[in-house]
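Number of protein chains: 2
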Amino acid sequence: MRYELYYWPSIQGRGEYVRLALEEAGSPYLDVARERGTSSMMRMMEEGATPPFAPPFLKAGKLLIGQTANILFYLGARHGLAPKTEAGRLWLHQLQLTVTDFVLEVHDTHHPLGPSLYYKDQKPEAKKRTEDFWNERVPKYLGYFERLLEKSGGSFVTGRRLTYIDLSLFQLVEGLRYAFPKRMKAFESEIPELRELHDRIAARPKIAAYLSSERRIAFNEDGIFRHYRELDV
Amino acid sequence: MRYELYYWPSIQGRGEYVRLALEEAGSPYLDVARERGTSSMMRMMEEGATPPFAPPFLKAGKLLIGQTANILFYLGARHGLAPKTEAGRLWLHQLQLTVTDFVLEVHDTHHPLGPSLYYKDQKPEAKKRTEDFWNERVPKYLGYFERLLEKSGGSFVTGRRLTYIDLSLFQLVEGLRYAFPKRMKAFESEIPELRELHDRIAARPKIAAYLSSERRIAFNEDGIFRHYRELDV
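Chains R and H supply the protein sequences, listed in that same order.
Residue numbers for the first sequence follow this note's numbering, beginning at 36 and rising by one.
Residue numbers for the second sequence follow this note's numbering, beginning at 36 and rising by one.
Rather than coming from a laboratory, the hints here were simulated on the basis of the structure.
Check the hints yourself; a few may be wrong.
[Stated by the list, open to error] With a straight-line Cα cutoff of 30 angstroms, these simulated DSS-like cross-link-like pairs (lysine-lysine) come out:
1) 162(R) to 175(H)
2) 155(H) to 97(H)
3) 119(H) to 119(R)
4) 175(H) to 158(R)
5) 94(R) to 186(H)
6) 186(R) to 119(H)
7) 163(R) to 162(H)
8) 158(H) to 97(H)
9) 158(R) to 162(H)
10) 162(H) to 217(H)
11) 163(R) to 163(H)
12) 158(H) to 158(R)
13) 97(R) to 175(H)
14) 175(R) to 220(R)
15) 158(H) to 162(R)
16) 119(R) to 186(R)
17) 175(R) to 155(H)
18) 163(H) to 158(R)
Bound-form chain R, shown alone:
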């Protein structure tokens, strides 16, 4: 079965966590909106018995699954990217939902007054929010994952086997480096384990092949991680 991934075609965004899992799993998928435009994606949010609220969503045979962490929960169990026990899967999902929260806070750095307004109309507020984000939130979230890695007893967050949370943390480090190169450079000495994890993921054959392919969309200022020089002081 070939999966169908539905997500905005010009950004990494929330879809990227799903793409990374599919790529690492070596599972064939059609990135529908990139290949065929967004019209069927838009239609699926209007029609059917279980219309998703927003992309990304994944078509897996008859199943239509929305919400990034929910998709990963489903894929993880089927492709060896999650523990086998219920307790292990709930724990992993809990961590992914913590990533979800963090991603929304990343988005809020450039959209503190709301997702419907343009960045240019909320620049001073974005500056304040970004200040708080780096003073309080980044140390709290990344410090949490750093401590989990310290005591994991293996190379990955849950131990000796890679799971989808490791891929997501790779993406967070990549994204923060793109959006806030100066701030991130100053901060990275605080998170040696996360840096190593990042490098370990980047070196995995399937991920490395993906990252250098055209399937990997470049970071840009329509996505979640945006580079605005005035926010990176």
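Following the hints, complete the assembly by docking chain H onto the known chain R.
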């Protein structure tokens, strides 16, 4: 087995979605921080193999489960508050994660510049964010759930059986009525199905008993839904 719920003792907050599910299930639980203070809750976020990032979390025997939607996913399957099929459970969880997103946007109405600053230090920004919230986000989110109810073919979101999403939507309506009574009053004609669902939930014997008990904490200005007159115009 008696569950142990860990959450801040003086607010409804995110813990309330879990409380409503436990109450409807008629499942005994200890609301730990309310009964015994927050020290053990704080300790559990530091220690152990699977420390939660933040409350709420639920101790279920040996399991420790964090993230509201994850807790509901677990409880739903065990207490008849979720469909029996995998497809049904993933769909329900997807909806709950959409509620999670909305709850974070509710919080952002009074904390647009970040969760670490006080409301009094971000009043003008809160006003702008609240404007966008009511113009764009409330119609989008509640309109989505309204349409699901319209075509559910039963009294509840997923059909003829109550699930935890119905309890969560009850809480959203309650919260919006508390925080924004004027705006919500003007808006409610748009969501007749949600209003009816709200009333149906409120009238359920176990929920009615809970709401009139001391276990239900009153809404207040430390929680997610806060009433600030200047934001309710």
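Checked against the structure, which of the hints given earlier come out wrong? As far as the earlier hints go, 2, 6, 8 are violated by this structure, in ascending order.
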